[in-house]
Amino acid sequence: GAGVSQSPSNKVTEKGKDVELRCDPISGHTALYWYRQSLGQGLEFLIYFQGNSAPDKSGLPSDRFSAERTGGSVSTLTIQRTQQEDSAVYLCASSPQIRGGDTQYFGPGTRLTVL
Amino acid sequence: DQQVKQNSPSLSVQEGRISILNCDYTNSMFDYFLWYKKYPAEGPTFLISISSIKDKNEDGRFTVFLNKSAKHLSLHIVPSQPGDSAVYFCAASARGGNEKLTFGTGTRLTIIP
Numbered sequence: 001g002a003g004v005s006q007s008p009s010n011k012v013t014e015k016g017k018d019v020e021l022r023c024d025p026i027s028g029h030t031a032l033y034w035y036r037q038s039l040g041q042g043l044e045f046l047i048y049f050q051g052n053s054a055p056d057k058s059g060l061p062s063d064r065f066s067a068e069r070t071g072g073s074v075s076t077l078t079i080q081r082t083q084q085e086d087s088a089v090y091l092c093a094s095s096p097q098i099r100g101g102d103t104q105y106f107g108p109g110t111r112l113t114v115l
Numbered sequence: 116d117q118q119v120k121q122n123s124p125s126l127s128v129q130e131g132r133i134s135i136l137n138c139d140y141t142n143s144m145f146d147y148f149l150w151y152k153k154y155p156a157e158g159p160t161f162l163i164s165i166s167s168i169k170d171k172n173e174d175g176r177f178t179v180f181l182n183k184s185a186k187h188l189s190l191h192i193v194p195s196q197p198g199d200s201a202v203y204f205c206a207a208s209a210r211g212g213n214e215k216l217t218f219g220t221g222t223r224l225t226i227i228p
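Protein sequence lines correspond, in order, to chains B and Y.
Residue numbering for the first sequence follows this note's numbering, beginning at 1 and increasing consecutively.
Residue numbering for the second sequence follows this note's numbering, beginning at 116 and increasing consecutively.
Treat the hints loosely; a few may be bogus.
Claimed, not checked - 25 Å max Cα-Cα, derived PhoX-like pairs, lysine-lysine:
1) B:57 <-> Y:215
2) Y:152 <-> Y:215
3) Y:120 <-> Y:215
4) B:57 <-> Y:120
5) Y:120 <-> Y:186
6) Y:152 <-> Y:171
Claimed, not checked - Quick list of the computed label-pair ranges, beta carbon to beta carbon:
7) B:58 <-> Y:157: 22 to 32 Å
8) Y:129 <-> B:52: 45 to 55 Å
9) B:17 <-> Y:127: 36 to 46 Å
10) B:51 <-> Y:130: 38 to 48 Å
11) B:74 <-> Y:160: 21 to 31 Å
Keep in mind that the hints were calculated from the coordinates and are not lab data.
Positions of the beta carbon are idealized from the N, C-alpha and C atoms, including for glycine.
Okay, chain Y solo, but in the shape it has when bound (with noise of 0.2 Å):
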């Protein structure tokens, strides 16, 4: 039961250009969002977060917007860098709890030159 999806295993986006990866979820008690990045042979680097009372968090040039009526959230990157080329992660948790993290499969985002 994968209750984080991410639907595209990979994305393949022009420099300077906007990427856009999305990300679903299915548990309602998640209140709490992150985002990834992960590199080969490296552990995940936290990006940015959002929390279920906002739809909106902007942290230079990414921004991730979140829809809860949809259980739906994506991560915008503009201008997208030869560096963002990675692996990107969705998590979600139910704060109040553990917190532990339940992780999407993961997108695959190569920029072109």
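For reference, chain B alone in the conformation it holds in the complex (with noise of 0.2 Å):
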């Protein structure tokens, strides 16, 4: 079946522009997570969503960022005014999160680079 997938796969953007990031979970999944992955670094969590709800916002590194969810499906991930150091790999994953211990299954990401 279809996986997670994101888009753009590469966004390239002049600091100060807003840009959107889009993921379409796995079909029946109703968590969604957002991660990023800067340079040399592991993953970082940015937000959770149960649903179209977001429990969890507490990864998100200012407020430039904020993500919603429509439809129990598809996320939109939006930075604004984007800033050199927003220059990461964007991660979605999904999980059908029926009972603890789902597993989290991943996109291909975005490289976005700011320039």
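Please dock the two separately framed chains into a single complex, following the hints provided.
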């Protein structure tokens, strides 16, 4: 079956511009997560969705970052007024979360480069 | 504050031998542990997991060991194959909450033919 998809795969933008990153989770998965991996770092949690609500936004690094999820499916991560330190690979993951301990399945990521 | 640590950034192993990747954690609330494998330009792929009620889980060539008292887990791959060359991430979560994963910084495994 189809896995998690993300678009675009690569995004180059100028400092100060806004960007939108999209995630299509596996059909039926209620939980959706955004992570990012900066150069030489591990994956860093950003935000968690259960259905359309985001009970945990604790990982968002600043108020320039926001995310939404509609219809319990597609999610969009928006970064306003991008800065060079926002350059990273942004990864989305989904899980069924029917019970505890469900595996998270990752998409291929969006590589964001802020010039 | 790095709650999940992979202290070896790289490891080289001869094909056919055993690869052992290590991971340490500090948060005693973690009760579910996973290993992911990542190739360049791809997302992490789930490999194997273990719950804190177990000390070993095996799946084919992959075995994960958990030592709760030492807050240490390891991934054993035997026999190692060239296709195993990738970056391996250890991750942990506390079940019952949002189950967000806390990742280590990864170990790059290279299998030498």
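Hints, one by one, checked against the model:
no.: 1; hint: B:57 <-> Y:215; result: 11 Å, holds
no.: 2; hint: Y:152 <-> Y:215; result: 18 Å, holds
no.: 3; hint: Y:120 <-> Y:215; result: 16 Å, holds
no.: 4; hint: B:57 <-> Y:120; result: 23 Å, holds
no.: 5; hint: Y:120 <-> Y:186; result: 11 Å, holds
no.: 6; hint: Y:152 <-> Y:171; result: 19 Å, holds
no.: 7; hint: B:58 <-> Y:157: 22 to 32 Å; result: 27 Å, holds
no.: 8; hint: Y:129 <-> B:52: 45 to 55 Å; result: 50 Å, holds
no.: 9; hint: B:17 <-> Y:127: 36 to 46 Å; result: 42 Å, holds
no.: 10; hint: B:51 <-> Y:130: 38 to 48 Å; result: 46 Å, holds
no.: 11; hint: B:74 <-> Y:160: 21 to 31 Å; result: 22 Å, holds
Against the hints set out earlier in the document, no violation occurs for any number.
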